[in-house]
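Let's have the full structure, built from the sequences with the hints guiding it.
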Amino acid sequence: MDLSQVYREHYRSLVRFLYRRIGDQARAEDLAQEAFVRAIEHPPDKPRAWLFTVAANLARDEGRKASVRRKHLTLIKAEAEARPPEPGPEVALERRETVRRVQAALAKLADRDREALLLWEEGFSYDEIADVLGLSRGSIGTTLARARTRLAAAFDELDSEGSGEDVAH
Amino acid sequence: MSHIDEGTLHAYLDGELNERQLLEIEEHVSACDPCSHRLESARAAAGRASALIAELEPAAAQAPSFRELEERAAARAQAAAPRRSRVRPRLAWAASIAIAFAVGWYSQPFWSGQSPRDLGFTAAEPVMAPQPSSKSADEQSAAREAGQGVADAVGGLSTDEVRAAEEAPAQSRGRAADRRTSLTEAEEDAPVEARRQEVAGAENETATREMLNQPAVERAAQPVAEAEPAAPPAEAFGIESQLEQPKGEADAAALAGRAAPDSDMADEMRVRADFRMTAGEAYAGMFRPVGPQEATVWLDADLRTLSDLQLVRTEVGPGAAVEGGLEGLPAVRLIYIDAAGNEIALIQQHVGEGRDLDDAEADPALLVDPSGLRAYRWRDGGYRLTLMGTVSTDSLQALSERVR
Numbered sequence: 117m118d119l120s121q122v123y124r125e126h127y128r129s130l131v132r133f134l135y136r137r138i139g140d141q142a143r144a145e146d147l148a149q150e151a152f153v154r155a156i157e158h159p160p161d162k163p164r165a166w167l168f169t170v171a172a173n174l175a176r177d178e179g180r181k182a183s184v185r186r187k188h189l190t191l192i193k194a195e196a197e198a199r200p201p202e203p204g205p206e207v208a209l210e211r212r213e214t215v216r217r218v219q220a221a222l223a224k225l226a227d228r229d230r231e232a233l234l235l236w237e238e239g240f241s242y243d244e245i246a247d248v249l250g251l252s253r254g255s256i257g258t259t260l261a262r263a264r265t266r267l268a269a270a271f272d273e274l275d276s277e278g279s280g281e282d283v284a285h
Numbered sequence: 029m030s031h032i033d034e035g036t037l038h039a040y041l042d043g044e045l046n047e048r049q050l051l052e053i054e055e056h057v058s059a060c061d062p063c064s065h066r067l068e069s070a071r072a073a074a075g076r077a078s079a080l081i082a083e084l085e086p087a088a089a090q091a092p093s094f095r096e097l098e099e100r101a102a103a104r105a106q107a108a109a110p111r112r113s114r115v116r117p118r119l120a121w122a123a124s125i126a127i128a129f130a131v132g133w134y135s136q137p138f139w140s141g142q143s144p145r146d147l148g149f150t151a152a153e154p155v156m157a158p159q160p161s162s163k164s165a166d167e168q169s170a171a172r173e174a175g176q177g178v179a180d181a182v183g184g185l186s187t188d189e190v191r192a193a194e195e196a197p198a199q200s201r202g203r204a205a206d207r208r209t210s211l212t213e214a215e216e217d218a219p220v221e222a223r224r225q226e227v228a229g230a231e232n233e234t235a236t237r238e239m240l241n242q243p244a245v246e247r248a249a250q251p252v253a254e255a256e257p258a259a260p261p262a263e264a265f266g267i268e269s270q271l272e273q274p275k276g277e278a279d280a281a282a283l284a285g286r287a288a289p290d291s292d293m294a295d296e297m298r299v300r301a302d303f304r305m306t307a308g309e310a311y312a313g314m315f316r317p318v319g320p321q322e323a324t325v326w327l328d329a330d331l332r333t334l335s336d337l338q339l340v341r342t343e344v345g346p347g348a349a350v351e352g353g354l355e356g357l358p359a360v361r362l363i364y365i366d367a368a369g370n371e372i373a374l375i376q377q378h379v380g381e382g383r384d385l386d387d388a389e390a391d392p393a394l395l396v397d398p399s400g401l402r403a404y405r406w407r408d409g410g411y412r413l414t415l416m417g418t419v420s421t422d423s424l425q426a427l428s429e430r431v432r
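From first to last, the protein sequence lines are chains A and B. Positions in the first sequence are counted from 1; adding 116 to them yields my numbering. Positions in the second sequence are counted from 1; adding 28 to them yields my numbering.
I should point out that these hints are in silico values taken from the structure, not numbers from a laboratory. Virtual Cβ for every residue (Gly too), placed ideally from N, Cα, C. It is possible that some hints are incorrect.
[To be verified] To spell it out: a stretch of chain A is covered by chain B in this simulated footprint if at least three of its residues, at any positions, have a beta carbon under 8 angstroms from a beta carbon of chain B; those stretches are: (1) 118-124; (2) 244-250; (3) 253-265.
[To be verified] Away from chain B, derived, C-beta distances all over 10 angstroms, residues of chain A: (4) 132; (5) 146; (6) 161; (7) 165; (8) 205; (9) 206; (10) 219; (11) 227; (12) 228; (13) 277.
[As the list claims (entries may be wrong)] Facing chain B, a subset of chain A residues (Cβ under 7 angstroms, in silico): (14) 131; (15) 176; (16) 213; (17) 215; (18) 237; (19) 271.
Written out as structure tokens, the structure reads:
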């Protein structure tokens, strides 16, 4: 498959996968582009699986330090115009808090469980997930079952802690 | 049939079972209440997980064109090629030095028959005197082996050594002639080498001052000269860069060895290491490497640094050479490597709180080069700061928060 076509079809998916994995959109874009540049340098046989494998490795290299660390900066005018209008402050605050908790809940999963889950959400089949993560196909269902259950439990736990904090404050 | 395990239930929900397995599951679930309940729980868990993950949707952002990525890949390949070709200048220097030694060696009968005055050397020109004879060949050899460089070995003489050389240049040379067969080549040619270094050092200093072309040069030059006396001559001869090059390669090799045990990865890391040159060579020839102390002197203020990134080198150059830089102020450039192997340059000029900039100079600005190199420029306190690299503008803005 032509790499430029792969880029058109899967760049956004790769950025999303990385963003969910590391929680930083700018870095996610950097790493996605880095994965594609490497693919251009060494064209792979199975580009999609290869790209996500490289991306997962880059995300692991990024370490656990990828917490949300950006503060608002003065936007470049052209970029500011390209972005959708911001929601109201309360809605934005609530959404940010939800995002933070989902990210925290995801961070509580084991690397492999988290990546299997994120790959599934990006439309990967069990065979493809097994290929990327180096697992047997038969173990993917179990891995996903564990990841889904733990994610929901971790989110609920954080949610109740957050509610407690809200009440306390 | 025993109860269905969780993995199979999720595989069933995900449509990952074959026709036979599918029929078996449906048949069992229809007759088994516990499994039926577990299937519903699994369905709820899967739906919930998908919904939660869907909350993490990155904002819409403009992706670079595929051609831009191709250009980046090509730039890396090009960055790899010049590094290999730099072996040639190095060999050229080695050949030049070898020729100089050979000429000096075969012209010894001529030189040894002349007095210092005949050669135009006087006591008022101590550096021209045959100082190296006051150091033994072994000492010089040891100095080289210790990596001190030719500048230290030849030019780094004490006042006493110079005085001793002034008092007995002829005797020293006479002894040198007598002991010709036991002397090293460097000892024989050291006066020539010292003269070369002095001239080249002066030229280098002049060139540096012209390059920076601003008043701070005068006040900055003195402390710099005191702190690092041997640097100009060594740089002028390309010796420092030759000595530093292996260190850089060693760092790259260490990096490759740490992160890439197999050869493919090692190649990849080498390419990354070569790619570092891209942002760093944005103003090739305009910046020269300095130590942090010297950079602080040029800046006339504390150095601003990036946290959490690996600093590769520190350089100084003229502000006018930098895109959007302020003329008349030196610019200090810190080169970092990020986690993905991208070279990030932090360029800074100390403007001072009292100096007013017009709006175009004071407002944050984004600069994009067709090669993929991006720069983000802003003012922070008394500093004019620019971050540059082949990364996204969002990354540059995020990195700007880490400037301390």
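To see whether the hints hold, each was checked on the structure:
no. : hint    : in the structure
1   : 118-124 : holds (count 4)
2   : 244-250 : violated (count 0)
3   : 253-265 : holds (count 12)
4   : 132     : violated, 6 angstroms
5   : 146     : violated, 5 angstroms
6   : 161     : holds, 15 angstroms
7   : 165     : holds, 16 angstroms
8   : 205     : holds, 17 angstroms
9   : 206     : holds, 17 angstroms
10  : 219     : violated, 7 angstroms
11  : 227     : holds, 16 angstroms
12  : 228     : holds, 14 angstroms
13  : 277     : holds, 16 angstroms
14  : 131     : holds, 6 angstroms
15  : 176     : violated, 11 angstroms
16  : 213     : violated, 11 angstroms
17  : 215     : holds, 6 angstroms
18  : 237     : holds, 5 angstroms
19  : 271     : holds, 6 angstroms
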